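As a plain string of letters, each chain reads:
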Amino acid sequence: MTGILLYLVFFLIVTLIYSIVVMGLNLQWGYTGLFNAGVVAFYAIGAYGTAVLMGPDRSTLIGGFGLPFPIALIGGMAAAGLGALIVGLAALRLRDDYLAIATFGIAISVQLVALNFEGLTGGAQGLIGLPRPLFSMFDSPNGFNLFYLGFVACMAALVYLALQTALGSPWGRLLKAVREDETAAASLGKNPAMVRLQAFVLGCTLMGLAGGLYVGFIGFVSPLDFLPILTFQIWAMLIVGGSGNTKGAFVGAFAVWGLWSVSGMAVSKLLPVQFQSQGGAIQTMLIGLLIVLTLLFRPRGLIGESETISRHAN
Amino acid sequence: MSMPLLTASDLVGGYRPGLPILHGAGIQVSAGEFVALIGPNGAGKSTLMKAIAGIVPIWSGQVELAGRVVTNTPPHRLAEAELAFVPQTNNVFTSLTIDENLRLGAAALSRGQAGQALARSYEAFPDLTRFRNVPARALSGGQRQMLAVARALLTSPKLLMLDEPSAGLSPLMVSDVFSRLKALVHDGVAILMVEQNVKAAFSVADRAYVLTEGRNRLDGTPEHLSAMDEIVELYLGGGGRKH
Amino acid sequence: MLFQVLADGILTGSIIALGAIGLTLTMSVLRFPNFAHAELITFGAYIALAVLGLTGAFMGPLAPLSFGLPLILATVVAMAATAVLALLIDRLVYRKLRARSKKMTVVFGSFGVSLLVRMSILLVFGGAATYYSTALQRAIRVGGLFRVMPDQVFTLGLTIIIVVGLHLFLKFTRLGLAMRAYAENPQLVGIYGYDSERVLRWTWIIGAALAALAGVLYGLTVQIRPEIGFHLLLPLFAAAIMGGVGNVHGAVLGGLIVGLAESLSIYLIPPGYKMAVPFLLLLLILYLRPTGLFGSAKGAVR
Ligand SMILES: Nc1ncnc2c1ncn2[C@@H]1O[C@H](COP(=O)(O)OP(=O)(O)OP(=O)(O)O)[C@@H](O)[C@H]1O
Ligand SMILES: [Mg+2]
Chain S
114 MTGILLYLVF
124 FLIVTLIYSI
134 VVMGLNLQWG
144 YTGLFNAGVV
154 AFYAIGAYGT
164 AVLMGPDRST
174 LIGGFGLPFP
184 IALIGGMAAA
194 GLGALIVGLA
204 ALRLRDDYLA
214 IATFGIAISV
224 QLVALNFEGL
234 TGGAQGLIGL
244 PRPLFSMFDS
254 PNGFNLFYLG
264 FVACMAALVY
274 LALQTALGSP
284 WGRLLKAVRE
294 DETAAASLGK
304 NPAMVRLQAF
314 VLGCTLMGLA
324 GGLYVGFIGF
334 VSPLDFLPIL
344 TFQIWAMLIV
354 GGSGNTKGAF
364 VGAFAVWGLW
374 SVSGMAVSKL
384 LPVQFQSQGG
394 AIQTMLIGLL
404 IVLTLLFRPR
414 GLIGESETIS
424 RHAN
Chain B
21 MSMPLLTASD
31 LVGGYRPGLP
41 ILHGAGIQVS
51 AGEFVALIGP
61 NGAGKSTLMK
71 AIAGIVPIWS
81 GQVELAGRVV
91 TNTPPHRLAE
101 AELAFVPQTN
111 NVFTSLTIDE
121 NLRLGAAALS
131 RGQAGQALAR
141 SYEAFPDLTR
151 FRNVPARALS
161 GGQRQMLAVA
171 RALLTSPKLL
181 MLDEPSAGLS
191 PLMVSDVFSR
201 LKALVHDGVA
211 ILMVEQNVKA
221 AFSVADRAYV
231 LTEGRNRLDG
241 TPEHLSAMDE
251 IVELYLGGGG
261 RKH
Chain Z
15 MLFQVLADGI
25 LTGSIIALGA
35 IGLTLTMSVL
45 RFPNFAHAEL
55 ITFGAYIALA
65 VLGLTGAFMG
75 PLAPLSFGLP
85 LILATVVAMA
95 ATAVLALLID
105 RLVYRKLRAR
115 SKKMTVVFGS
125 FGVSLLVRMS
135 ILLVFGGAAT
145 YYSTALQRAI
155 RVGGLFRVMP
165 DQVFTLGLTI
175 IIVVGLHLFL
185 KFTRLGLAMR
195 AYAENPQLVG
205 IYGYDSERVL
215 RWTWIIGAAL
225 AALAGVLYGL
235 TVQIRPEIGF
245 HLLLPLFAAA
255 IMGGVGNVHG
265 AVLGGLIVGL
275 AESLSIYLIP
285 PGYKMAVPFL
295 LLLLILYLRP
305 TGLFGSAKGA
315 VR
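Chains as they are written, first to last, in this note's numbering: chain S, 114 to 427; chain B, 21 to 263; chain Z, 15 to 316.
Here chain S stands alone, though its shape is the one from the complex:
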């Protein structure tokens, strides 16, 4: 395979993993109107949770349970869901804007734990040398990558179908009712806070799943993979793809991650060394600009959005 193709496989795997995060966020923002400012935290919890559960036993570390990948993955998801439950219970009974603040807080705290709790997370170095699922079955890393692309694609498709089913179910209609008219939903005897909590926790669990899948792919975790900018990137993917539109998650993830990667390459190729950090700042600004301009001028997303939500968004 040529270098370009190899890169494409890598790119697609990451894109698909991010699209799962976007679908989780879409459930929260697009379908329920919940603002999650700590996407990266739940992604990181999933990743570290998976890593700790499946990593080999090491004397210096707390983890190292050596569990099989699928079980570790589920454990990571559960950890992310638990984190969401703690934050969601605190904030969602109260005001919408407290959720934004509390999730912002958990993002900062998770980053601190990742950096400082060396016994669990490996600190700044992270956890390396984690087993990758079925890696030994392939003669080359490229073969594994191709396999993993297929695996992640299946997972993303599964998440997509599951979400579509859930949204079409009575529960999905309840979500819609809560979003459009909280008092009306409450008068139906449904507790709107409970419904919103469910959507929030479920969305965060999906983010945790994506984090675990990422670890299975690269075989290590480090705090550098969970920088705050990731939250902004995921948002950008969401609104570019159009919120309230699950299919848009794929398009948005592809477009924004593509833009980010291309602009990153341009920065590293074209800019002299002393201007590299400025180049990074400009990349980040592009994300900010994308978010602000899309919200202002294309609130239904750059790609378009299904009619389910269009009546409510203006």
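What the hints contain is simulated information worked out from the structure, not anything from laboratory work. Accuracy of the hints is not assured; some may be wrong.
Every beta carbon over 12 Å from chain B, so not counted as near; a handful from chain Z, in silico [claimed, not checked]:
1) LEU16
2) ILE24
3) LEU68
4) PRO75
5) GLY140
6) ALA142
7) THR148
8) GLN151
9) GLY157
10) GLY171
11) LEU172
12) ILE174
13) GLY179
14) GLN237
15) ALA275
16) GLY286
Below, a list of computed lysine to aspartate or glutamate pairs in the EDC-like style, where the Cα atoms sit at most 20 Å apart [stated by the list, open to error]:
17) Z:LYS110 / Z:GLU211
18) Z:LYS117 / S:GLU293
19) Z:LYS185 / B:ASP119
20) Z:LYS117 / S:ASP209
21) Z:LYS117 / S:ASP294
22) B:LYS202 / B:GLU143
All of these numbers come straight from a predicted model, not from anything done at the bench. For glycine and all other residues, C-beta sits at the position ideal for the given N, C-alpha and C.
Since the structure of chain S is provided, determine the placement of chains B and Z with the ligands on it from the hints.
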């Protein structure tokens, strides 16, 4: 009656684009006239007042106040144009004290005028003086209503719009409020008032409008309207509406 | 040792308090948590730095403080510039997003704005930590118990003056009354005959000016970096919510509590986790007393 002070004609408007609540309603109030606005719940009486007051957007039609076109004018500009409005609900700031409510309500006046207006207000509503440093949330419904009316009168308006000022008041309080309003009209203030109790409304008003589904249904003097079967049946009939 | 920790906590807390006053005011009047408030703080700190660079230290510091008239002048300019920035952001972005039916859209937008402002600052000023002055201050010993920097005492004093001033402003001026009124019921402000646009405008101006001031004082006592606002934001939110949103005195007390908790935390947890302390306090308050320590009435400014 003299020339019209307020002329609202063919108003179409509402809260959400594409969902009009007013379908061409109109109203006219002359200087010093007492006009009642009646109609079933949800007819759009409050909406009509809010549209005139510049709170609910008007999509077509026109509002004229003292000869000036004021359609969709922001509410604080209308206050300068001597129109005062007391909404049906949430018509005082409960987190502010009575004195603070009145001081804010007099903000359009110069400092000297404001001081005089406040003094007049406390004189006219001695009950408020007792509670002047109490947050309005501690007031009873009737006292709140009194504060709301006192606030509206601070700027000596030419036209006073009141949305159900008698709601929740005891019969004694209602007659007190109504006699105060009559006294105001006597002093030359024009009043446009929404009132559910049609009998009471007819006893004080010079004219009345009946609004249904955002449209004018009937209008005329109380004598004229009281003679109509429809009014008798729906609004005056023996126990037709409780109040 | 304990006294030193307490003193440090109160002094950090006074900066948090100062920032939280502006935040609690804008949060209750404008009805959304403005995450770009962090960047107003940073922007203010850097504008003061730039002005100081232009004017130079043409006069020596006013002993025993580390700064002199030039920094005071620079701070005034920074407060004005930050107010202009806030008004600009409101005009270009928030005004439109506030009207959206999805309430949190404007919060979303504030994150985007925050990214744009922070990166612009990074581009213009670079990422390295800087200081207003490298002059060393002589610490004041207080009864042999602890030592404080004169600048820190100045900060505490200024915070107290501003709280008193703001209290009088909210209680006795028409604009102050209108701001409190707007927090409760925006529509009624216009009916009362007060221009509600004016309320919005001045809320931004006051909130931004206080943010800039907090930025300068933080820069004075700690250091100036493009992330200072971002790092202060969580403590500010914790302080504002703890004090009850809209409650100015509460925000000050909340700020002091957060500052104290941060500095006392060294007895309980490794210093690396200090930044998570506000988050833990926030969770605690949301679980135990969601209306704030003083149980503020919803939407009221006090
Ligand atoms: N803030 C609002 N947003 C959307 N729709 C509203 C709002 N206020 C009123 N409406 C709708 O407008 C219609 C007319 O309401 P309005 O309050 O004007 O009636 P009304 O004649 O004053 O009734 P009532 O006698 O009960 O006070 C109703 O169908 C109501 O549902
Ligand atoms: Mg009404």
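Now for the hints, and whether the structure bears them out:
In this structure LEU16 of chain Z is separated from chain B by more than 12 Å, as the shortest Cβ-Cβ distance comes to about 40 Å. Against chain B, the non-interface label of ILE24 of chain Z holds: every CB pair exceeds 12 Å, the least being about 30 Å. Every C-beta of chain B lies more than 12 Å from that of LEU68 of chain Z, the closest at about 41 Å, which supports listing it as non-interface. Remark: the non-interface label on PRO75 of chain Z is consistent with the geometry, its nearest Cβ contact in chain B lying 42 Å away (cut-off 12 Å).
Residue placement check: GLY140 of chain Z keeps its beta carbon more than 12 Å from all beta carbons of chain B (closest about 46 Å). The claim that ALA142 of chain Z lies off the interface holds: its Cβ sits roughly 46 Å from the closest Cβ of chain B, which is beyond the 12 Å cut-off. The non-interface label for THR148 of chain Z is consistent with chain B: the shortest C-beta to C-beta separation is roughly 48 Å, beyond 12 Å. Non-interface call for GLN151 of chain Z relative to chain B: holds, since the shortest CB-CB distance, roughly 43 Å, exceeds 12 Å.
Every CB of chain B lies more than 12 Å from the CB of GLY157 of chain Z, the least distance being 42 Å, so the non-interface label holds. For GLY171 of chain Z, the requirement that its beta carbon stay farther than 12 Å from each beta carbon of chain B is met, with the minimum near 29 Å. Remark: the non-interface label on LEU172 of chain Z is consistent with the geometry, its nearest Cβ contact in chain B lying 28 Å away (cut-off 12 Å). Listed as a non-interface residue, ILE174 of chain Z keeps its Cβ farther than 12 Å from every Cβ of chain B; the least gap is roughly 24 Å.
With a minimum CB-CB distance of about 18 Å to chain B, GLY179 of chain Z clears the 12 Å threshold, and the non-interface call stands. Every CB of chain B lies more than 12 Å from the CB of GLN237 of chain Z, the least distance being 40 Å, so the non-interface label holds. Non-interface call for ALA275 of chain Z relative to chain B: holds, since the shortest CB-CB distance, roughly 29 Å, exceeds 12 Å. Consistency note on GLY286 of chain Z: stated as away from chain B, and its beta-carbon is indeed over 12 Å from all of that chain's, at 42 Å minimum.
Simply put, LYS110 of chain Z and GLU211 of chain Z have alpha-carbon atoms about 14 Å apart, close enough for the 20 Å limit, and the pair holds. Straight-line distance between C-alpha atoms of LYS117 of chain Z and GLU293 of chain S comes to about 11 Å, which keeps the hinted pair within the 20 Å bound. Distance restraint check for LYS185 of chain Z and ASP119 of chain B: the Cα-Cα separation of roughly 11 Å lies within the 20 Å cut-off, and the hinted pair is therefore satisfied. The suggested pairing of LYS117 of chain Z with ASP209 of chain S holds, with an alpha-carbon distance near 8 Å, which does not exceed 20 Å.
A hinted pair counts as satisfied when its Cα atoms are at most 20 Å apart, and LYS117 of chain Z with ASP294 of chain S qualifies at roughly 13 Å. For a cut-off of 20 Å, the pair hint linking LYS202 of chain B to GLU143 of chain B stands: about 18 Å separates their Cα positions.
Going through the hint list in order, the structure satisfies each hint without exception.
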